[in-house]
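2 protein chains.
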Amino acid sequence: MTESVGAPCKVCFLPDDVQVEVPRGETILAAAQKAKVYINSICGGDGICGKCKVIVQKGDISSEPTTLLTREEIQQNVALACLARIESDLEVLVPEESRLEGGKILLDEDGERFGALVSVTGEDFAFRHNPLIKKLHLELTPPTMQDPTADHERLYDAIRRIEGNIEMQTGYQILRSAPTILRESDWNVTATIARRRNIAEVVQIEPGDTSQRNFGIAVDIGTTTVVTYLVDLETSQTIDSHAKYNSQMQYGEDYIKRIIYATNHDAFDEMQRSIVGDINDLIQAFVEEKKTRIGDITAVVCAGNTAMIHFLLGLDSTRIRSEPYVPTANFVPPIRAAEVGIRINHRGLLYCLPSVAAYIGSDITAGAAAIRLDQAEEICLFIDIGTNGEVVLGNKDWMICCSASAGPAFEGQGVTHGMRAAAGAIETIRILPGDKVEYQTIGHRKPKGLCGSGLLDCIAEMLCAGVIDRSGTISLSSGSKRIRERDDVYEYVIVPKDESGTDSDIVITQSDIEHLIRSKAAVYAALSVQLESISMNVDQINRVYLAGGFGNYLNVRNAIRIGMLPDIPTDHIRFVGNTAASGAKMALLSNEAFDTIEKIARQMTYLDLMGNNRFMEEFVSASFLPHTKIEQFPSVERDLLVCAQGGRP
Amino acid sequence: MTESVGAPCKVCFLPDDVQVEVPRGETILAAAQKAKVYINSICGGDGICGKCKVIVQKGDISSEPTTLLTREEIQQNVALACLARIESDLEVLVPEESRLEGGKILLDEDGERFGALVSVTGEDFAFRHNPLIKKLHLELTPPTMQDPTADHERLYDAIRRIEGNIEMQTGYQILRSAPTILRESDWNVTATIARRRNIAEVVQIEPGDTSQRNFGIAVDIGTTTVVTYLVDLETSQTIDSHAKYNSQMQYGEDYIKRIIYATNHDAFDEMQRSIVGDINDLIQAFVEEKKTRIGDITAVVCAGNTAMIHFLLGLDSTRIRSEPYVPTANFVPPIRAAEVGIRINHRGLLYCLPSVAAYIGSDITAGAAAIRLDQAEEICLFIDIGTNGEVVLGNKDWMICCSASAGPAFEGQGVTHGMRAAAGAIETIRILPGDKVEYQTIGHRKPKGLCGSGLLDCIAEMLCAGVIDRSGTISLSSGSKRIRERDDVYEYVIVPKDESGTDSDIVITQSDIEHLIRSKAAVYAALSVQLESISMNVDQINRVYLAGGFGNYLNVRNAIRIGMLPDIPTDHIRFVGNTAASGAKMALLSNEAFDTIEKIARQMTYLDLMGNNRFMEEFVSASFLPHTKIEQFPSVERDLLVCAQGGRP
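As you go down the protein sequences, you meet chains A and B in turn.
Residue numbers for the first sequence follow numbering that gives the first Met the number 0, beginning at 0 and rising by one.
Residue numbers for the second sequence follow numbering that gives the first Met the number 0, beginning at 0 and rising by one.
Just chain A, same shape as in the assembly (with noise of 0.2 Å):
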């Protein structure tokens, strides 16, 4: 795709107005990658998924035949992206839909929906206030006759005589520049040192008491999203947070789809530069905002995904996606954040927290500590829904985990009307009587499309209402005056055109309700597998925890009635937002929260469900609302009782 097949053509991407210089031959898609224009391409430029549609204003393209397009958006000149390949000069017009949604991603109430802990047990198992990086201010005695104390011994013995008798290490320029910052500082200096367990390396030495600027930023790499929080490290308090699309988004919508088109382009070095670069501009945006500069920022902590560790480092990921499925690390040493291309002090360190297998990254082991499941006396069972749903299963005494590629239905991708919880997204519905529809948008704003929380509401209440049937099915029978064809599927309006805040009706159509239902089933059949393989069954669950970028008002009743959750009393279920967010912010600031990950990475016991007869089994069982065994569900089995008998519960 990227070679060389003719003369060079300009193209011109609209409302951007970004010129290109491409040779003749190669596709848009490609083009807009050159000149850094951001298009949909969810499968990865495989023609599959339909979301890179331009319009091509002037000049000529060719095309292979697609069925993704109608016959009216070809008379428009409407094509695929990835397919049409540049014959001449062009100008072409990138639509609102092809781009990412605008506006700020919404955080868990700024980042801070649960401070620096969740507790399962209620009890206070915060952890001690022991950041990766401290910069303890010495002020040392100058030597003499009596104390001539080598300059490097000295700054040791002041710092051993703060952090205990601990192995220091230190780096050749360090040595080298301290005799003249002790001396030009008259021996008032601020050390930067680098802990964990018993080894400190000293990173920096700066003159006079600089020990209130020290910060870290706690980064949530998600396949979609990233997000970061600048967190202040000797007050522990989060300053601000910012998140963003993540860029490889443009490379295919899920990791593997991105892994397979940096084998086939020979272009991992492009997606290391296309999260680094992410992760760049948000820091750079913190600095910008003058929250903070970049020399006083000394540590980066990452979680994330297997895979987006190793896009982040580098590090060849063609493994992760072939048996048997071997990770370079899962374990990653500390390295200089400098060594990868991230901007902060150039001394600072880039923590990747550890992963347990090629599809538990480290987004599940720091939401495992992030609600404590190390310290669980009952039976916890904690999902987190991303890109991937991953479940876990476990307490204090042993856990176990596997990830259900449930797919990134609820967050909105591959969802017609899908979206993040951002400014303008529906999070909360209610179908009331009289084919009425009740719901909410984040910022109270006029609605654009639903979010992860609007979504699975939208389900359940679609099922409560008779809308749709058991196995999904819009009902026309429900007599509902939203229903309506088109193009032979049938969909139902949430939203009409004129209350809407885009220029459409805001519906869902079969086809999002079936790949909602598949996405709950997989998350289902995972638990199912799991209870299966060590003889539990759902009864002894005590504590559910539900973690992903739902919104902020997720209903876990609603969860319950579609057959996500398992069906034990709500007030035991507890919607936890970001965890992985929380656990990266507890790491920076706790050595002690840096191991118990660590030490649930190791305790983790890994259940592969690919090629697993019995996940197939149960994905089928599971692919019913709630379930085919309803039996599961005696809750929702009385609340259907109920709205069969004309009555909502």
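Derived by calculation from the structure, the hints in this document are not laboratory data.
Note that the coordinates shown come from a computational prediction; the quantities given were computed from them, not determined experimentally.
Partial selection, computed: residues in chain A whose CB lies under 8 Å from chain B:
1) Glu166
2) Tyr171
3) Ala328
The C-beta atom is built at its ideal place from N, Cα and C for all residues, glycine as well.
Given chain A, work out where chain B should sit, using these hints.
What follows is chain B alone, placed relative to chain A:
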């Protein structure tokens, strides 16, 4: 001196025929340094030592007047290179005596006088073979679906199976390259690990079994000579050794002069390049002789005085010579050898052994470990005569050390026909009745000068033969025909011109004798002050260990006769050769030896003699043969009585 003061002049140095262009007004010494032509300059270019004589064969110079040249020499166009300023294009001959003596410097029985160990107690205190850098051949089990352990952890597991449960560290590049090496080598690799205490760094991963190719370099960085040993880290064998004069000699005979030179000329980088260049030359010699390959050398361990280690590391050494005499570091963390420019494996490590203070370096701590002073039950005296004379007193429970500023007289420097222990050096002398002198040279060559043991013998024999009196004055009344007067100074002819391997008689002058007496007096005075400081006397010393580059055969009895060593039974005295080198080799081969050296460095109490009045008093008392208080040397008193009666003891 390096200031440009005129038009460029071409200078040609003979006999090497090296050309250099320098500004008019530059000194010949500076031009020689630029041309990398070696000219002796003991005083560091101050016009004091008179060692930098050159013959200006063509062209014009101007020079300050000097008393260091005879009228005859001036007529023969001899000039001091440090004073002679270039006024035109020149042709300059550097005569033999202004160049470093040729020939290989003698190493203690090819570097293996005591193997890796000299035990003070006679018991076996050999250290366990546990080299700083190990190569572990690992045959890993390839990953399977049942064992999908990540590559990095698979490697760590294998290393920990051998090394125990240690803290592991790995650099980013090793982490990235490991998966490919593991697979290309079919999981059969060799991991190079650098271990200290409970921490190991993975330095390198190579395909196949290279565990038999692991070499280290032990370096004794003397002020005058640099000695390297090539050590097989797997078999513990010393493969070979090489030595050369320290190229820094051209900047000054002792390190204080060099620090002054470097300060005045902002030449610290030059000093570092000089010593690094020497080490590289010596390593390169092993490689050229095909004894090893650069990539197979994984470690360098250096012992040397504190100033030399500072020069090597490019650390600021100015504070070593001014109160309160504070080094940058006594305990230097290991660094990559490449960081200072030492050419071994590009990820190989440089370890500098720990010093005690500005004037007690790692040559002494390594030496004390080599004789296992840390295990001694009895009170031991350890004296190392190098460019300084360091004196250590103690046993396993306590150690006290001081530096005597003895000067390098016994290394042959500053003595008319003194030389290092190289081929042709007189190493033993006996003056027989009838004015006869018997001597033995190293390598049975024609004599070219006297090395340390020869000089020591010479003074003792002259004393016994009555050629000098107890004040060291050459005694005309002795009637020896070998005594003669030249330039108003008496001298004693040891070897007449026709027997010698040079163009002149080999003599010892009155001033040489005084120089040697000052040197031995400094050592003995240091001992006296030490004893006094802890209220002990000479009788309480049980064992004496004398180290230094004296030659192969040191006459311990004569060392007592001149009052360098205390008068204890000679079978309690042992000449132990180059203990700094032995200690460096031990450290390379054994972490426990390194630990012991560190323990010794922490344990030693440093006694400062600078500005110590008692030292000056003791020095004056000791500036006699053997001492003003002859009662401290009863056996010598008896010997001298025998001699006075015409006999020979």
